[in-house]
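Engineer: Counting with this note's numbering, you get residues 1 to 382 for the letters of the sequence shown.
Don't read these hints as lab results, they were simulated from the structure.
Beta carbons: idealized from backbone N, C-alpha and C, even for Gly.
Please note: incorrect hints may appear among the correct ones.
Stated by the list, open to error - Restraint-style ranges between C-beta atoms, simulated for each label pair:
#1 117 <-> 67: 52 to 60 Å
#2 177 <-> 49: 53 to 61 Å
#3 120 <-> 152: 47 to 55 Å
#4 86 <-> 292: 30 to 38 Å
Unchecked claim - With a straight-line Cα cutoff of 27 Å, these simulated DSS-like cross-link-like pairs (lysine-lysine) come out:
#5 109 <-> 96
#6 274 <-> 264
#7 163 <-> 184
#8 248 <-> 274
#9 159 <-> 184
#10 163 <-> 359
#11 108 <-> 84
#12 159 <-> 359
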Amino acid sequence: QLMEDLWPPSGGQTWRLIAQAVDDGRVAFNRACVHLEPWQVVSYTLSVAFLTLWLRRIMKSDRPMTQRIRAAVFSAVRNIPWVKAQISEEMEKARKDLEETIHESDRKKEFYKFLPERGLPPDAIISEAELYEAMSEYTFYDGRVSGVMYTDYDEEHRKLLEKIFTMFAYSNPLHPDLFPGCRKMEAEIVRIVCSLLHGGSPSCGTVTSGGTESIILACLAYRNRAYERGIRHPEMIVPITAHSAFDKASQLLHIRIHHVPVDKNQRADVGAMKRAINNETCMLVASAPNFPSGTVDNIEAISELAQRYGIPLHVDACLGGFLLPFMERCDFPVPAFDFRVAGVTSISVDTHKYGFAPKGTSLILYRDVSLLHHQYFCYGDW
Numbered sequence: 001q002l003m004e005d006l007w008p009p010s011g012g013q014t015w016r017l018i019a020q021a022v023d024d025g026r027v028a029f030n031r032a033c034v035h036l037e038p039w040q041v042v043s044y045t046l047s048v049a050f051l052t053l054w055l056r057r058i059m060k061s062d063r064p065m066t067q068r069i070r071a072a073v074f075s076a077v078r079n080i081p082w083v084k085a086q087i088s089e090e091m092e093k094a095r096k097d098l099e100e101t102i103h104e105s106d107r108k109k110e111f112y113k114f115l116p117e118r119g120l121p122p123d124a125i126i127s128e129a130e131l132y133e134a135m136s137e138y139t140f141y142d143g144r145v146s147g148v149m150y151t152d153y154d155e156e157h158r159k160l161l162e163k164i165f166t167m168f169a170y171s172n173p174l175h176p177d178l179f180p181g182c183r184k185m186e187a188e189i190v191r192i193v194c195s196l197l198h199g200g201s202p203s204c205g206t207v208t209s210g211g212t213e214s215i216i217l218a219c220l221a222y223r224n225r226a227y228e229r230g231i232r233h234p235e236m237i238v239p240i241t242a243h244s245a246f247d248k249a250s251q252l253l254h255i256r257i258h259h260v261p262v263d264k265n266q267r268a269d270v271g272a273m274k275r276a277i278n279n280e281t282c283m284l285v286a287s288a289p290n291f292p293s294g295t296v297d298n299i300e301a302i303s304e305l306a307q308r309y310g311i312p313l314h315v316d317a318c319l320g321g322f323l324l325p326f327m328e329r330c331d332f333p334v335p336a337f338d339f340r341v342a343g344v345t346s347i348s349v350d351t352h353k354y355g356f357a358p359k360g361t362s363l364i365l366y367r368d369v370s371l372l373h374h375q376y377f378c379y380g381d382w
């Protein structure tokens, strides 16, 4: 009869049982601490509080735990007086070597530090510029420099650039109403490259100042898209061979970055990418090709992951964007990498790499305008 009266307990009985359990715990805790002095209780309490706050700060860090532990160990070792002195000595040597290397080709070793009292005539400025141009001991004209310049020197091409620079030297593309020609040129560049990469009529994009900005803007768009979907701490999954601009975007935009390994062919490990996907993943990354080894990731397989989990896939084709399409036309076996792959949602392409444009131009392209809108910044109260 007693068990029937107590089980199942009513609402009031439940609260009484909970209160009794809490009181029993309080009494047991006080008995366990009866031998402690008040100052010990306060000290232990503060220690636990500080430890909890420290652990909370560490757990909230965007860097992986192993990386944080390694950094903490290295930092502690570097602060050992003998090690610190050795590091300072080596750093000073490196600084001097670097300074000597930088200024080795500068025979004058003289620097302008202030504006001249009077403006210099054009001939004097040109003569000074010629001296600066002659400082370089290396030339890319003979093809002995890896990367850096991606266009063979051609006098006719140089004259064309010179003429276009002259025509638009006093233009400001920020004001398309005053410079509609600049607006039209940018729009045509975007459409031409979208067509080259098999983007449909909804495809779109913007002209940027370089591949790094193109990548950062893509990351910005996907971070904002994640925010819109309620993801507060977005993450991106990036092969270790991808461009370091993704790491830069990670720091600038507070996107946690997961680096995944590559297989024996230096292509992204698709299985590792799949295992890294979670509810916070805002984008996947593939390269066409990557810079370290020149291999194209298995974009079709990564695309299947992107479609299965509803995650955007960015393809960094800054290096190959103006090579791979034409290689395909010449019957080279080119792996699928562009908008023909269903899961690819954006592509970065450098027009200054094999596109005959000068350094400082690139493109970020999107499959449709809804993705582009996430890239925008708007502030109407300024």
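Engineer: Are there hints from earlier that the structure breaks, and if so, what are their numbers?
Structural biologist: 3, 11
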